[in-house]
Each structure stands twice: as structure tokens, then as C-alpha cells.
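Undergrad: Two chains, two separate frames, one set of hints: put the complex together.
Listed here are the chains, written in short residue letters.
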Amino acid sequence: MTEMTDVTEHDKTVEVHDYDVVVIGAGGAGLRAAIEARAQGKRTAIISKSLFGKAHTVMAEGGCAAAMGNANPNDNWRVHFGDTMRGGKFLNNWRMAELHAKEAPQRVWEMETYGALFDRTKDGKISQRNFGGHTYPRLAHVGDRTGLELIRTLQQKIVSLQQEDFKATGDYEANIRVFHETTITDLFKADGAIAGCFGYFRSTGTFVRFNAPAIVLATGGVGKSYSVTSNSWEYTGDGHALALRAGATLINMEFLQFHPTGMVWPPSVKGILVTESVRGDGGVLRNSDGKRFMFDYIADVFKDLYATTEEEADRWYTDADNNRRPPELLPRDEVARAINSEVKAGRGTPHGGVYLDVSTRLKPEEILKRLPSMHHQFKELADVDITKEPMEVGPTCHYVMGGVEVDPDTGMSRVPGLFAAGECSGGMHGSNRLGGNSLSDLLVFGRRCGAGASEYVDGLAGRRPAVVETDAAAAVDRALLPFTTAAEGGENPFVVHLELQKTMHELVGIIRKADEMEMALKKLEDIATRTRTVAVQGDRKFNPNWHLALDLRNMLLVSMCVAKAALERQESRGGHTRDDFPVMDADWRHVLLVLSALGEDNVEMVRKEQIPMRPDLLDIFEMDELKKYFTGEELGGHRADQGERA
Amino acid sequence: MSYWAHFRVWRGDSDKGELVDYPAEVNEGEVVLDIIHRLQQTEAQDLAVRWNCKAGKCGSCSMEINGRPRLACMTRMNTFAEDEVVTVTPLRTFPVIRDLVTDVSFNYTKAREIPSFAPPEGVEPGEYRMQQVDVERSQEFRKCIECYLCQNTCHVVRDHEENKEAFAGPRYLMRIAELDMHPLDSADRQQAAQEEHGLGYCNITKCCTEVCPEHIKITDNALIPLKERVVDRKYDPVVWLGNKLFRRGEAANKNR
Ligand SMILES: Cc1cc2nc3c(=O)[nH]c(=O)nc-3n(C[C@H](O)[C@H](O)[C@H](O)COP(=O)(O)OP(=O)(O)OC[C@H]3O[C@@H](n4cnc5c(N)ncnc54)[C@H](O)[C@@H]3O)c2cc1C
Ligand code: SF4
Ligand code: SF4
Ligand code: FES
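So the protein lines, in turn, are chains B and C.
Note that numbering that gives the first Met the number 0 has the first sequence beginning at 0, numbered continuously upward.
Note that numbering that gives the first Met the number 0 has the second sequence beginning at 0, numbered continuously upward.
Calculated directly from the structure, the hints in this document are not laboratory data.
C-beta atoms are modelled at their ideal positions from N, C-alpha and C, and glycine is treated no differently.
It is possible that some hints are incorrect.
Sample of chain B residues facing chain C (criterion: CB under 8 Å; computed from the structure) [as the list claims (entries may be wrong)]:
id : residue
1  : D118
2  : G123
3  : Q536
For reference, chain C alone in the conformation it holds in the complex (with noise of 0.2 Å):
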């Protein structure tokens, strides 16, 4: 049942690195992960690497096999040819820490960002009432596991650095939908997501759709549905100016 694969493994830090070949046992059933630890406990006891779950529950074990975007954890040999040789690289769009593990810091930055859950004035912890339709759409984005495959693989910033600051990326995109799809959320989201966030920079290439573990649609779930919100918002003046008197609305009565 068990072979030798090849397995072609970064090694390295910020400064430099190179692939360096390990010849690795493989046995019926094992997954990506179970090889890097097999690497460990034998010829490269230092290989740095995140995991947690070892069931695509964290989102730790992202890293990029064979130039595919992928949880490692959940990542099976029996997908590679017992010839075929398997590469196994950090993620590209994040400075390298150790080997295969990144700096993920950009996707803590930006989280901090999107402004929060902002509760309803006047309903107390035990009051909130909300229907299962009503939360399902934003329950599919909070399935996310913030694995940053997403972030990773879209290319707005895959290879432009310049543009990191301007680009929340589709994990924080989908937050700020998700926040304008809860049933109780009172803030005002869609202006922000365009002039801050960066919504304008993505062009629905679906990239991120495909790379996400969760299977989370991504693209025509949040970030389009976002984005018609936004466009509505600007050009029907109806629904602009609905949206103005019913927030001047509400803030009258909190004056009261």
C-alpha cells in the first residue's frame, strides 16, 4: 500500500531560500500534512509549519502545493500521480516567516479595519429575535475559517504590494456584507465598502470563490450583492434618499 513520493519542499526565511528534495514514505489514506510531519520526525526536524485541526476546521495549514492554493490538511496523495513530483511552497503573497510558514499580519490589519457589529439601540441580551432565512446569508459567510486562501489568490494583490493598502481583500469584503446582511446590525456599511475598502478594485473574477476551502460563494453571494447595494444606493435617488431620512429618523429618537 505505501510508496515513496518526491516531495519538493521551500526552505528558507525572508532573506533566502531554496527547494530542497525529501524522499517521503506516503501510506494509503494520508493527506499532504501527514507527509510534512513524516518529514519532521525524520530528516528535517526544523521544518516550520502551521496546522491545528488536521480537519479543514482552522484555516491554519494554507500554503500553496503545486502551485494550487490549498489547506494541506485536506489536501489527499491519492489527488498526485505516485511519480509525479509534489511541490510545496509558502504563500505567495505574504512575506515568509520559516519555510512554509507566512506573515498573515495584513489579514489582522484589515480585519481591524471593518468596523464591528453594531447592536440594536433598546433591545436587550435575550430579546433578539430573528428569523433562520433572515441569518442564513450571512450565516454562510461566517463559515469562513480565515484560512486567507482567498486573500492570497486574488489577484488585485497577488503580485501588486502597492495596492494592500487600499484593498481589504474578498475575506473583509465579505465581512462588511456579511455585517450589512445580519437582520440586526444598525450601521451603515455599503459608502464605506466602496471609498474604504476598496470594494471599486475587485472586477468578480471569482478567483477567491474557487480557492475557498468552505466552499463559501464568495463572489455571487457577498461581494456582487455589495456591490449592487452600492450602485443602487448611488443612482436611485429614491432609495438614497430613503436611506437618509430613515437614518435622520432613527437619530432623532435616540436624541429623545
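Chain B on its own, in the form it takes in the complex (with noise of 0.2 Å):
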């Protein structure tokens, strides 16, 4: 059925649609972002790889992090602040922890005004959830399918605004308009700022292009590089790349966090995502010997922070103010390295995992009623009842901490009129992310982005760079060069990508090594030759090997900054564990690796210092803690060195 065809005979027709703003990506940071321009009077599209409504955040179970005092009214935006902090290992870019804490509670409301239905407590407010690392209930839920509430929720936000305009125009699509399963794979500039992206409908093959002066990427994580992961195909670091050539920096792509609870068997869902939540509402993890090995495995920093007793522990359930809390709830980084020891020692699972148990623990009605999608999802794919036997877990590669480095505030990168906010931003979230500070991410910096590109539009007072016509016709030629190569009989790309993934996945993983590391760059050179020669089959339409072919291209770029950055890096902090670096070092903790384009294909890195914390900052922190990640000369403007502040 299928035939070589020759790049000469592609259709190289390319239809032009004009924006204020485009948002590539249709995930919670694109849609709050996109519904933020719109509400600024901006002409706004929004693209995506899959159908609308189907991007990853679909796939978030815990919750949304808002410190709104709903369970426990000591909760504050300084709490969650110093719990984000502190998770990160204090790498976190600290303006954008402030604003992350301080602003989530309203994007929370915000979502119930759009329609929006969480669970309530007694008193009838939102109910909040405990998760690693938060100090109180702090997510925000609908039972674990938040994610799909909250995807669903700015959908229909969208479709109502499109419902106004309707009204207003006899348009629906006169203000915002989706366009779904498009790819981008360009992003133009002129005279050094952002002038248009292009791309293709995956279901004809035929290409687009979009004239914007501001555009926002919010297209989620890198994760396809991995043999385990949580994530889904889309995640092949597009906007990290596109950055990239873009001209703009991306910072901490050492830091992956490699989320403790995977599924290990049977082997077709391995690293498919077992939620926190187990933990949060109970679940214990337990090694071949019965043993609750957590106990073992707390850091000194945290010492002061965790029960120490499985007595201790189990009482934290139900009185939380009196006891501290079980270490099953230590960082996700803490517990994936704890579970990976556990394995190597010989005590792991039958398939390689260890035990994680609820069914001990919670009356089924109340499993099912909390944990019901986690209940489907292993009755369904591994034929095992959580609600009376254990579950098998491992570490899988889940959500990247690093990506493109943004002014705090407005979501701008370093190149004029191109933001980036979500999974695909970096700084937030430091070495590690806390469970559930994504989502709420999501909706902070979404919204801040389609603020920051409205008014960076109304800054050009209609100057609006054009794009280069010879820009525009390479980046056709780019799109079709898989086609050129079929020709000459390349590799099937599918081939070439389990290839890219077992080697990040076996010299860049959860533990790393410096030789290890070198040959991983090694590796991906000759991966890069061989990703610019594959081979695809068929025609243009819905065509899954061309795809491939093209997003092969970004992965590599990615995890060259991944390898690179995690080699130079000598400690371990959060997401990036060195076997040769064991310990975390104070003198790294100010510093970033910024990654840069060098040419289409290769990166280059240089090294950055953090700008100081605001006193005011520091001083949410007892001197004590903060002597265990600062080095001495950095704590000069806290209360304690000054006497108390008034």
C-alpha cells in the first residue's frame, strides 16, 4: 500500500492565518494563558498536537496546590512558599515561588466560576488533600482525576467565551480559535523579535503558518526521551527546542524528577503514573521483607520534619498538629531514590519493584470512593484488586524541572515577543516540583503569560515584525526532508527513538555517572546522524512515522541538554543524583546551567548566579535551616544576622 514519494511532487502550499497571540500547546498553561489574552482584547489561536481536550494535564490525578486554609487554617501563602523552597532545595527561582504561592488560591476560586466542581468539605468549601512535602492539606481534588476537571474546565471557559463572541459577531471563532491536531515546527523572527510560527495539520500533512508578534509556548515536558515514563507521546520537548533555535536559554535540564510510584508490571504499562494520593491517604510502601523501609532513608534535613516510628506515623492521620508525618510523604526525589536502593539490594518485587500498600489500610468503600481511578486502572490493566492486595511500583520518568528561562513576572524569554509558561518553563520548581504545584503552576504562570504577551503587543503600537520569506520557505523544506531521505533509504524512526530512549534511559537516569554520562553524549551524536537519515513511509496524511521523524529532531536536541548539564553538575540535589557526587554542595545551590543553541542541532552551556533572595524571603526560614543549603555569605540579610525586623 505504501509508496516512496519524491519531495519535489509535496504540495508545498502553505495557508497564512494572522494573530495577536498564539498559544502552542492546549494544556492547562495554554488554555489559561490564551483566555487571559483573550480577556485583554487579543486576537488569540491556540494549537495543539492532539484533539482539544486531550493534552497531558488531562492525565494529572492528585490535585491543584493552593494554600487556601480550607483543611487546616494555619495554612498560608509563606507556608507553601517555604514548602516549594524547600522541595526545590532551594534552586528555585524565589520570585517565581512568591508569586506561585501567593496567587494559586485565586486561579483555584477563579475555576469554580467557570464551572468547576471539586470535592467540597464539610462546610461546603473545596477540600484539600495531603501530599509529599506540603506541610498541610493543600491540593485542591476531584477525587484523582483533577487533571480532567481542570482541562475540562478551561475548555468549556473557552468554548463559552467563543459563545459570547457568537453573539456578539455571528462568529464563534472570531476572537480565539483552536486549532487542533496542528504541529508546530518553526518559530520565525525578524530583526531579532518573534514574527510567526509554522507547522502542519497532522491530518492532511499540509502545512500553516501564523503571523503573531507574540507567542507562548506551553507545550509540556520532554518524557518521551525515557524507556519508563509517565508520560505520553506528545511529550518530545517540542517547545524546549523550538526555544532553543529560537534563540532563547533554557536552565536546570539536569533536574528530572523521576516520580517514586510507577507501575512495574506487566510490562506494556511500565511507568505509566500511580498517583501520590495513595500515599497522601495512606498507602505505606514496604520492601520483599514486609519491612517499612522509608524509616531508613530520611535525610538530615528533613530529621526535624518526619515521624521517625511507624507509631508516630500512623497517628499523624488523624491528629496532624501533634505528630509529624509519615516518611512515605518525604519529596518525590527522596522517595524514587529510597524505592531504587530498596530494588538494588535485593529487596525488591517478583517484577522489580517494591510493595505499595492501601488495601491494609483503608475499608474498600473508602478506596474505591478516593482512589478510583487507580483502582480501574490496575483491576483493568494488571488484574490486581487494590482493595485487597498490594500494588508493585517503581520510579518512573515523570515531569522535568528545567526549561526555558523566563522573566518571573511577564513569562518573557530572552527573545522578544516569546514567553513560555507550564512543564515547559524552568525555575519554578528548583531541583524537584512538589506533587501537585504543577497544576496550580499551570494556571499562575498561564495567566501571567497571556498578560505579559497582550501587553507587550499594546508596547509595539501595531510595529509588527514580518516574516522572512526565505525563512519561511525553509522551514517548509525542514518539514519535508524525511520525505527527501526515504529515497535513499534511511532507518525507520521508531527504530531510531527506542534507541534515544534506552540511552537516556541507561547512562542519564535516576542515578547517574560521569563515564556513564560521556558515553551518553557519545551515543547521541551518532543518534543524531542517524535521526537526520530515517526513512519514512507513506504519504503526508495522519501519518504517525512522519511525525516521528520530525519530533525525533527536538528529543535529541533535548537530551543533549539533558546529558550535558547533568555531567557538568558535581553533586546531587533534588532530580539530578550523581553516584560520584553522593552529597548536595552549598556552592552549587546559586548556580544555573543555561543552555543555548550552537548551530540547529547542538547546545552549548555556560554557568549563572542566582540572584540573592529578598531578605524578606529568607526571613520566612528559621537561620537553622537555612544554614543547611546556603553558604554563609549568602544569609547576611536575614532577621537573625540584622536582629529581629520589626
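TA: Laid out in C-alpha cells, this is it:
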């Protein structure tokens, strides 16, 4: 059925659209950005690779963190800020963490006005649940399908805006239009500023160009470069790569979050997420000896905050104010490393994980009510009834802390007109993200990017950069390249992809060593050559091997960033663990590794100093705690050094 | 543990197509979507299929497997005998784009025709108060992953292109019920359900409920109650009048 096609036969027609703001990505961050841009009167386009409503955000389970104080009135933005910084091992961009903690409640409440129906407390407010690293129950949730609620609510809000426009103009798409199943492959600049972008419609394979002075990247993560991951096919790091090629910078790329609890069996579902809510709601981790091993893995910096006996840990579920938290709820990096060590020490389960048990801790009805989709997932995919038996779990590549370096307040990158929000932006989560802090991040910084982009467009006062036609023509040729090489007989892109995943998984995975990473970088060079000559079968209509051939280029560039930065950072911190440098080093805390493009398919890296934290934010912490993370000279501004401030 | 299965997959586009036979290796624990991915990695590189989460959460991988509308990522291979031919075809109710991918724009059009949530006047963000028992009914419907299996199955449109114009389909009639049961929604929806969105076409056969992968009781909990509300409204003069008066009262308040 399939024939080779000569590139010269290809239809090079490009459909052209003009917008004020183009948002690439229809997850939580993209949709919230678009709502804001439209609210500021900007004609806005939303673009996504999959169907509208299917973005990765739909998969989020546990909840959305916001210090509303509904479950425990002691909660406030300062406590949330402190938890976020602690979780990120103080490498976070503190301004982002501050804005996030302050604005998250407002963003969640706003969702209710769009129609969201969160689970409720007894007094009718939004219920909040416990999660790793959060001092108080803080996650607004809907059972274990919070992401679905979020994305559906935002999707329906966009529909309601379209209905308003229809009433006013007779056209649903007058001010906001969704181009779904559309992939962007290039960004355009003119005189150093954003001028537009280019891509193809998946269903027809025909090309489209958007002329726009402001572009918001909200493309999500990079997990598809790893063999064991909770991420979907969409997570090929497109936004990261587009930003690099447009001249923006990435930071924190060495930090990848391996979620401690992914499914390990059967093989075909390996990596699929088991939500942290299982532990938040009472689930415990045991090794093959039946031991609750997390008590052995409480790092010094956390000694005062976590229970040291099973009795105290158990009491915490009913009396959180007078007991310390169970160590199962340590930040994710700690738990993932602990599981890794247990399995390595030969105390793993038959399929190479550990046991996660909620059946001995909650009544079946409770489990069905609080964790319905986990129950369903294990029953259908693994023949395990979690109300009766433990689950087998192990680490899975889940979230990238690294991303586009942006201005915290507006979300703008180094490139005028290019913004980034959500998982594809960097800084907010430092070296490790707390569970639930992503969904809130999407809403807070999605909105800020929408506002930032609108303000930027206003500032141009009508002087819009025009796309350079030769750039546009080059984008067409780049997109058609895999068909050209097809005639010369290259490899199947799916095979090259597997090789890339294996390389990253084995050599730049959860525990890293210099020699392995050096080997990975060599292998990546080799894979880069193979990627340039992959051959695709078939024509341009909804053709997955063509799509993958184009995505591969992005995965490679991003993998290079991860490997280079990981090799450079000679310490262990959050989502970056070095076997050869096992401890955290305060001299590395204030250093950011900044990556930029070197040509089209390579990257270079420089070190950059973090901006020192504002003294009033330092004051949120006790001096004793800060000393565990900061060098002495960085703490001069703290209240303890100045005599207590009023 | 592994064996070779006989797959028969529909290949083609809106113009023409055919069932193509593929032998395919199957390993323990695998689902239909795994096999389709294996075909892409081997002999059918350009086989078109939609998927995202691989865990029954996004509703992308809907197709018909041995004639039954299902999610490919949640259909275990061990539900078939090893010598059984597994036939995989695109959803029948929607036009084919390519192979297993169909044009589902019908659903987006219908979604846009249902009036959105109407927030209560004068209640500020952060002041919404609702009891768990009151939100639970609508929450059941909000579990919907928009896989469109119910839309594909409902006989009102399955082989009746002519009904598509007037009928929103189970998923979107359920959306009306969801908003109607939302404790704080302030719009009146019942009459429009009947007159504009085709509730009357539904003759409660429950075929939609049977295929819903989220096990939402679409017919019993959404469609039948919605029909009852419409009927009460039509025939019970007191309810009818009550509603009218209430609405006038509300309008008067707004004018003050
Ligand atoms: C299983 C799972 C559970 C999770 N649970 C939680 C949780 O409980 N709480 C929490 O806070 N976080 C959770 N997370 C993390 C969180 O869901 C994600 O970080 C977040 O949803 C990312 O949102 P986003 O808006 O940045 O991007 P996404 O929702 O991933 O959207 C990316 C969008 O960009 C589009 N796109 C990408 N590339 C292109 C391109 N080249 N052209 C056009 N469009 C493109 C995609 O199509 C998509 O629409 C979870 C993640 C997973 C995988
Ligand atoms: S119950 Fe109604 S909506 Fe559902 S399949 Fe039958 S006729 Fe269609
Ligand atoms: S109601 Fe059920 S079958 Fe219908 S679209 Fe939603 S999840 Fe799918
Ligand atoms: S891939 Fe998401 S439901 Fe099947």
C-alpha cells in the first residue's frame, strides 16, 4: 500500500493566518494563557498536537496545590512558599515560587466560576488533601482525576468565550480559535523579535503559518526521551527545542523528576503513574521483607519534620498537628532514590519494584471513593484489586523541572515576543517539584504569560515584525526532509527512537555517573546522524512515522541538554543524583546551568549566578534550616543576623 | 508466554480502504494498542492511530474491536482466544480521515451548541459553597473522558446521518443534565434540551451506557432524569408557574 514519494512532488502550499497572540499548547498553561489574552482583547489562536481536551494535563491525578486554608487554617502563602523552596532544595527561582504561592488560591477559586466542581469539605468549601512535601492538606482535587476537571473546565470556558463572540459577531471563532491536531515545527523572528510560527495539520499533512508578534510556548515536558515514563507521545520537548532554536535559553535541564511510584508490571504498562494520593491517603511502602523501609531514608535536612516510628506516622493521619508526617510523604526525589536502593539491595518484588499497600489501611469503600481511577487502572491493566492486595511500583520518568528561562512576572524569555509557561518553562520548581505544584503553576503562570504577551503586543503599537519569506521557505523544506531521505533508504524512525530512549534511560537516568554520561553524549551524536537520515513510509496524511521523524530532532536536542548539564553539575540535588558526587553542595545551589543553541542541532552551556533571595523571603525560614542549604555569606540579610526586624 | 496473533486492520482514507491482515507478536499483559504500536515499529510504519495516555484517561484511542466500540489501551489481549482473528476498524459514525483515525468534529460542534455554565450573580470567587452530596451527581458526568464511544454507538445517529443536525448525542445531553444539576448554575436548560438538542430522539435503549469506559450511568442518571424534569415542567402547571415566577423574581432583582 505504501509507496516512496519524491519530495519534488510535494504540495508546498501554506495556509496563512494572522493573530495577535499564538499559544502553542492546549494543556492547563496554554488554555489559561489564551483565556487571559482574549480577556485583554487580543485575537488569539491555540494550537495543539492532539485533539482539544486531550493534552497531558488531562492525566494529572492527585490535585492542584493552593494555600486556601480550607482543611487547616494555619496554611498561608508563606508556608506554601517555604514548602516549595524546600522541595526544590532552594534552587528555585524564588520570585516565581513567591508569585505561585500568593496567586494559586485566586486561580483555583476562579476555576469554580468557570464551572469546576471540586470535592467539598463539610462546610461546603473546596476540600484539600495531603501530598508529599506539603506541610498542610493543600491539594484541591476531584477524586483522583483532578487534571481532567481542570482541562475540561478550561476547555468549557473557552467554548463559553466563543459563544459570547458568536452572540456579538455571528462567528464563534472571531477572537479565539483552536487549531487542534496541528504541530508547530519552526518559530520565525525578524530583527531579533518573534514574527510568527510554522507547522503542519496532522490530518492532511498540509502546511500552515501564523503571523503573530507574540507566541506563548506551553508545550509541556520531555519524558518521551526515556524508556520508562508516565508521559505520552506528545512529550517530545518541542517547546524546549523551538525556544533554543529561536535563541532563547534553557535552565535546570539536569533536573528530571522520577516519580517514585510508576506501575512495573505488566511490561506494556511499565511507567504508567500511580498517583501520590495513594500515599497521601494512607498507603505505605514495603520491601519484600515486609518492612516499611522509608524510615531508613530520612535525610538529615528532613530529620525534624518526619516521623521516626510507625506509631507516630500512623497517628499523623488523624492528628496532624501533634505528630510528624510519615516518611512515605517525603519529597519525590527522596522516595524514588529509596525505592531504587531497596531494589538494588535485592529487597524488591518479583517484577523489580516495591510494594505500595493501601488495602490494609483503608476500607474498600474508602478506596473506591478516594482512588477510583487507580482501582480501575490496576484492575483492568494488571489484574490487581487494590482494595485487597498491594500494588507493585517503581520509579518512572515523570516531569522535567528544566525549561525556558523566563522573566518571573511576565513569562517572557530572552527573545522579545517569546513567552513560556507550564512544564516547558524553568525555574519555579528548582531541582525538584512538589506534587500538586504543577497544576497550580499552569494556572498562575499561564495567566501571567497571557497578560505579559498582551502587554507586549500593546507596546509594539502596531509595528509588527514581518516573517522573512526565505525563512518560511526553509521551514517547508525542513519539514519535508524525511521524505527526501526516504528515497535514499534510511532507518525506521520508531527504531531510532527506541535507541534514544534506551540511551537516556540507561546512561542519564535516576542515578548518574560521569563516564556513563560521557558515553551517552557520544551515543547521542551517533543517534543524531541516524536521525538526520531516517526514512518515512507513506504520504503526508496523518502519518505517524513522519510525525515522529520530525519530533526526534527535538528529543535529541533536549536529551543533549539533559546529558550536558547533568555531567557538569558535580553534586546531588533533587532530581539529579550523582553516584560519584553523592552529596548536596552549597556552592552549587546558587549556580544555574544555562543552555543555548549552537547551530541547529547542538547546544552550548554557561554557568550563571542566581539572584540572591530577598531578605523578607529569607526571613520566612529559620537560620538553622537555611544553613543546611546556603553558604554563610549568602545569609547576611536574614533577620537573625540583623537583630529581629519589626 | 508470547504468541503470534492474527490482526486484521482497516487501512485507507475517506475515498477507499480495505482490511489488511497482519501477523503480530503478543506478550503477556499487552493491550490492543500495544500491538498496533508494534505494527508501526515493524511492517506498518504509517498506520494512523490516535492515543495519548495509554491508561484510559484521555479518551483518544477509541475504535471498534471485533465490532465493539472500545478503548484500544484498555482492551487486554487476553480477552481474545489466541487463535481468534482480531479485527480493528475505525469508529463507524464518524468519517474516516485515515486508517483508525476519524473526523470527530461533530462532537466539537455539538459541544459548542450547549450553553455554558452560568455563574450565580453576586457570588465572588472563593465564596462558592456547595455540599458534597449536591455536587456528586454532576461530578459523575464530569468523569467523562470524551472518548465519543457513546456518540458513536447511539442508534439515533449511528446509521442516520440525517439525525446529526438535530441531535446532540448522549455525551452532550448528559452535559445539559450536568449543568442542570449543578448546585449554582443559574440558567434554565430543560426546555432547550427537548426543543433544541434533540432529547426527544432518545428512546432510552441504554446502548450508550453499555459502552461507556468510565461506567457513567448516562441513561439512568442523566437522560431519564432530564426527560422527567422536562415532562414535569410541561404537564405540571404548578411547577411550570413556579419556575416562571421564580425566574421573574430573579430578573426583577437584577434590575434593581
Ligand atoms: C500521569 C501524570 C499525573 C500527574 N499528576 C499531577 C498532579 O496530580 N498534580 C500536578 O500538579 N501535576 C501532575 N502532573 C504533572 C502535570 O500534569 C503536568 O506537568 C502538566 O499538566 C503540564 O501542563 P502543560 O500545560 O505545561 O502542558 P500539557 O498539558 O502537557 O500540554 C502540552 C500541550 O502542548 C501541545 N504541543 C506540544 N508540542 C507541540 C507542538 N510542537 N506544536 C503544537 N502543539 C504542541 C500538546 O499538544 C499539548 O496540547 C502529572 C503528570 C502525569 C504524567
Ligand atoms: S439511551 Fe438514548 S442516547 Fe443512549 S444510546 Fe439509547 S437512544 Fe442513544
Ligand atoms: S460519556 Fe462515557 S462513552 Fe460517552 S464520551 Fe464520555 S466517557 Fe465516553
Ligand atoms: S490512550 Fe488515553 S484512553 Fe486510550
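Undergrad: Decide, hint by hint, whether the structure agrees.
TA: Hint check:
no. : hint : in the structure
1   : D118 : holds (7 Å)
2   : G123 : holds (4 Å)
3   : Q536 : holds (4 Å)
The structure agrees with every numbered hint stated previously.
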